[in-house]
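Protein chains in written order, with the working numbering: chain A, 1 to 441; chain B, 1 to 441.
Don't take every hint at face value.
Intra- or inter-copy, both count: the list cannot distinguish identical chains.
[As the list claims (entries may be wrong)] Mimicking SDA-like on lysine to any residue, the simulated pairs with C-alpha atoms at most 20 Å apart in a straight line are:
| hint | residue 1 | residue 2 |
| --- | --- | --- |
| 1 | 432 | 156 |
| 2 | 52 | 273 |
| 3 | 164 | 317 |
| 4 | 381 | 358 |
| 5 | 284 | 382 |
| 6 | 432 | 76 |
| 7 | 5 | 95 |
Treat the hints as calculated values from the structure; they're not laboratory data.
Keep in mind it's a predicted model, so treat the numbers as computed, not measured.
Number of protein chains: 2
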Amino acid sequence: MNTFKVAIFGGGTVGGGVARILRENSALLERRAGCPVELVTILDLFPSASSKRHGIPLELYCGNGGDLNRDEASKYMAQILSNPEIDAVVETIGGSSDYILQVVLDILHSKKHLITANKALLAKHGTAIMRAAVENQRAIGFEASVCGAIPVIKGINDCMSGDKIESVSGIMNGTSNYILTKMSREGLSFYEALKGAQAMGYAEADPTLDINGGDAGHKLAILLRILYGIETQPGDIPVSGIDTINAEDTRIAEETDAVIKLICYAQREQNGVCATVQPMMVKKSNVLSDINNATNAIKLVGAYSRENLFVGQGAGSLETGSAIVSDIVYIARYGTASLRDYPSSGLSLVSFDSHVMPYTIIFDTEDVPGITGIVTTAIGKQEINIDTVSHNMRVSGQAGALFSIVTKPCTLTQIKAAVRDMQQTAPSIFVKEPKIIPVLA
Amino acid sequence: MNTFKVAIFGGGTVGGGVARILRENSALLERRAGCPVELVTILDLFPSASSKRHGIPLELYCGNGGDLNRDEASKYMAQILSNPEIDAVVETIGGSSDYILQVVLDILHSKKHLITANKALLAKHGTAIMRAAVENQRAIGFEASVCGAIPVIKGINDCMSGDKIESVSGIMNGTSNYILTKMSREGLSFYEALKGAQAMGYAEADPTLDINGGDAGHKLAILLRILYGIETQPGDIPVSGIDTINAEDTRIAEETDAVIKLICYAQREQNGVCATVQPMMVKKSNVLSDINNATNAIKLVGAYSRENLFVGQGAGSLETGSAIVSDIVYIARYGTASLRDYPSSGLSLVSFDSHVMPYTIIFDTEDVPGITGIVTTAIGKQEINIDTVSHNMRVSGQAGALFSIVTKPCTLTQIKAAVRDMQQTAPSIFVKEPKIIPVLA
Chain A
1 MNTFKVAIFG
11 GGTVGGGVAR
21 ILRENSALLE
31 RRAGCPVELV
41 TILDLFPSAS
51 SKRHGIPLEL
61 YCGNGGDLNR
71 DEASKYMAQI
81 LSNPEIDAVV
91 ETIGGSSDYI
101 LQVVLDILHS
111 KKHLITANKA
121 LLAKHGTAIM
131 RAAVENQRAI
141 GFEASVCGAI
151 PVIKGINDCM
161 SGDKIESVSG
171 IMNGTSNYIL
181 TKMSREGLSF
191 YEALKGAQAM
201 GYAEADPTLD
211 INGGDAGHKL
221 AILLRILYGI
231 ETQPGDIPVS
241 GIDTINAEDT
251 RIAEETDAVI
261 KLICYAQREQ
271 NGVCATVQPM
281 MVKKSNVLSD
291 INNATNAIKL
301 VGAYSRENLF
311 VGQGAGSLET
321 GSAIVSDIVY
331 IARYGTASLR
341 DYPSSGLSLV
351 SFDSHVMPYT
361 IIFDTEDVPG
371 ITGIVTTAIG
381 KQEINIDTVS
391 HNMRVSGQAG
401 ALFSIVTKPC
411 TLTQIKAAVR
421 DMQQTAPSIF
431 VKEPKIIPVL
441 A
Chain B
1 MNTFKVAIFG
11 GGTVGGGVAR
21 ILRENSALLE
31 RRAGCPVELV
41 TILDLFPSAS
51 SKRHGIPLEL
61 YCGNGGDLNR
71 DEASKYMAQI
81 LSNPEIDAVV
91 ETIGGSSDYI
101 LQVVLDILHS
111 KKHLITANKA
121 LLAKHGTAIM
131 RAAVENQRAI
141 GFEASVCGAI
151 PVIKGINDCM
161 SGDKIESVSG
171 IMNGTSNYIL
181 TKMSREGLSF
191 YEALKGAQAM
201 GYAEADPTLD
211 INGGDAGHKL
221 AILLRILYGI
231 ETQPGDIPVS
241 GIDTINAEDT
251 RIAEETDAVI
261 KLICYAQREQ
271 NGVCATVQPM
281 MVKKSNVLSD
291 INNATNAIKL
301 VGAYSRENLF
311 VGQGAGSLET
321 GSAIVSDIVY
331 IARYGTASLR
341 DYPSSGLSLV
351 SFDSHVMPYT
361 IIFDTEDVPG
371 ITGIVTTAIG
381 KQEINIDTVS
391 HNMRVSGQAG
401 ALFSIVTKPC
411 TLTQIKAAVR
421 DMQQTAPSIF
431 VKEPKIIPVL
441 A
């Protein structure tokens, strides 16, 4: 029984968590992998900080614990990659630069299995990385790249492998969900909630990719590849974030029996797959409306198994670390047999604009007679049926009207045409561009 | 690329679903298995009924579609088992008789991989079956045996393999959950709700194993083996069902911000694992309180990944069938490498009586002065703190008092001692034996 030997590149939040689990949990891991799993070495520029934070002995770091400069780090990296005893490398450096792409490709070209949580890199360079894996006949584990501890990759590859997955809807960014939860429960503005999230450590100092939907978009791109063999380029999936949502929108959500959530969404259609990441009005009857704070959730609907929901922690040192360790165990057990290359299934992305679902349109207008008639007439002209029209939600004494219309299922193309029409009919009464938010039933 | 060849024993609800998926979904299955997967034959005593129900061509059945007597079936079974081309047999005959045990052992001894949904058999004879698998170096897939389509077996074996699982709590019997949901939402009595479940097809004509907790107990026994290597004998796990729950209990649950659910429960403790199946008062803040009708759910708490929730369909032809097909794909891909024997981890079952959790005690007494003093004094004497005491919930005009006390966390041993004490102090005032129900926070 050969020992499966692992090196870690990057001893930060996630890499340090992986190291700690590999050391603490080795008896159980051996039982599950069918062989001993050994952490051989960690490459990090600042071992003392990593060692202290994660309780890892300094001797386990390259250079015996002293800080490394870039040249020294490159030298140790080359040593690890040329060491035939090392079976797998965990990449937890992060980022999607050309440098990190090269590191990842070098790992595979050196005939090491690769385990990574790097969603940005996989979303951007997934095809090149998969190709390198196939060329070198080494496996890639990336369970931790989508929703941290939630086993969505193995969930799709192994657990639901008997099924045809028809749709995905998920809350896949904890920072956004934390902010939206605070806004919804405490009536906070977006910026107040964001500051709170930063103070709690849920949001980075630069939270751009979390709040603009970019991070969630990376995860959905990875899922589209493994679900349908669809290769996406940045920009292919329409993505918008939560920075456009304000306290009034969350009040309107409540009024219409919904909660605003940033939803990663994909649906198998007749001629392809439509996909988007955007804030949606999630009806309270949908279990995703109950997923709060930094928790993630993903719902997969299969043709045979119907609704499957997975809920768990999408981030965190040990949480994400445990997903990486599950990949290590899996590859230790199955080796190259676990290599998958997700070939095209012949399906491609189709425009979200022609996908049919209900919409909420939020209007901020002058409070003039006839406004309801103007907007409902324009909606009717597009053959859209209306579900509900709210009363004016502007607090009494404030100027203008704030109200919403929830439609029956229709396309975004129809909604946009209706909005254009009403703006042309009465250009002066719209204080803001009407806000269009899909409704997830 | 060799074709992976499968035979099915039993073309009923689940076996027929498996056959349909294998035929309909073959392109996707090949992609996921890494080789073609072929359904070679189905052995069923009444092919025409199975064929009609599941849309399977009669030629696929042993005997070309004619009804078979037992002798003919035995002959075909022997032919299949001696056919070296067949890689795996799906056992969906069901039951835990000596006959079916022998069928399953024969499958393994004939060097076929075994896939089964048979929870009763695995709970009762798991050790013998695992031993036969190891002896013959063939894998066993039993994903469908616990919670149907919910991937709890792969969830534990592969998805959470990096983790130490500290506790399990789940709703693992759809019939019970359907009945309890109806009782809670519509105020029905147990027998009214049971009749409704039978009319809807959620409960068998003989629902004994569903309502007495036996079926859920089988599933928990399987989980204890794969989680902790604990081998149980029938009776080792304290099991009680929902047939003791009445409409008044569901009202008291509502009053104490809880919902009654039949819970499969296991908790890793200092010196072992405690386990039970019984109705519990699930607090509404616990997501399991929201799992309704026939839906199943299981929550696994890991030392590293923290809370993980899986929700899905616990029964049904295609739902359970899809879980079996996922096992076929898994074994087609990994073969004997996927064999696991779940050796003892050195942990054993410890008594649930000394496990600490809050309890609700429901009292049905004469309405006499001093009764609250008698029961609260007895509870205090056992060093149990009280959380809440309800008012008398007996409808005005009815005789007697119906009230509940919710305790702070304590042991069942303490609770039982308190109840004995109060019964000795005032033997004549208890109309019924006080009912003791654990509270799941």
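Hint check:
1. Taking the closest pair of Cα atoms, residue 432 and residue 156 never come within 20 Å of each other, the shortest separation being 42 Å inside a single copy and 51 Å across copies.
2. Taking identical chains as interchangeable, the C-alpha atoms of residue 52 and residue 273 are never at most 20 Å apart, the minima being 47 Å within one chain and 33 Å between chains.
3. With identical chains, the CA atoms of residue 164 and residue 317 are at most 20 Å apart between copies only, with a shortest distance of 15 Å across copies and 33 Å within one.
4. For the homomeric pair residue 381 and residue 358, the shortest alpha-carbon distance inside one copy (17 Å) is at most 20 Å, but the shortest distance between copies (60 Å) is not.
5. For the identical chains of this complex, residue 284 and residue 382 are neighbours neither inside a copy (28 Å) nor across copies (43 Å), given an alpha-carbon limit of 20 Å.
6. With identical chains, the CA atoms of residue 432 and residue 76 are never at most 20 Å apart, being 57 Å at best within one copy and 75 Å at best between copies.
7. For the homomeric pair residue 5 and residue 95, neither the shortest alpha-carbon distance inside one copy (25 Å) nor that between copies (45 Å) is at most 20 Å.
Figure legend: structure checked against the earlier numbered hints; hints not met, in rising order: 1, 2, 5, 6, 7.
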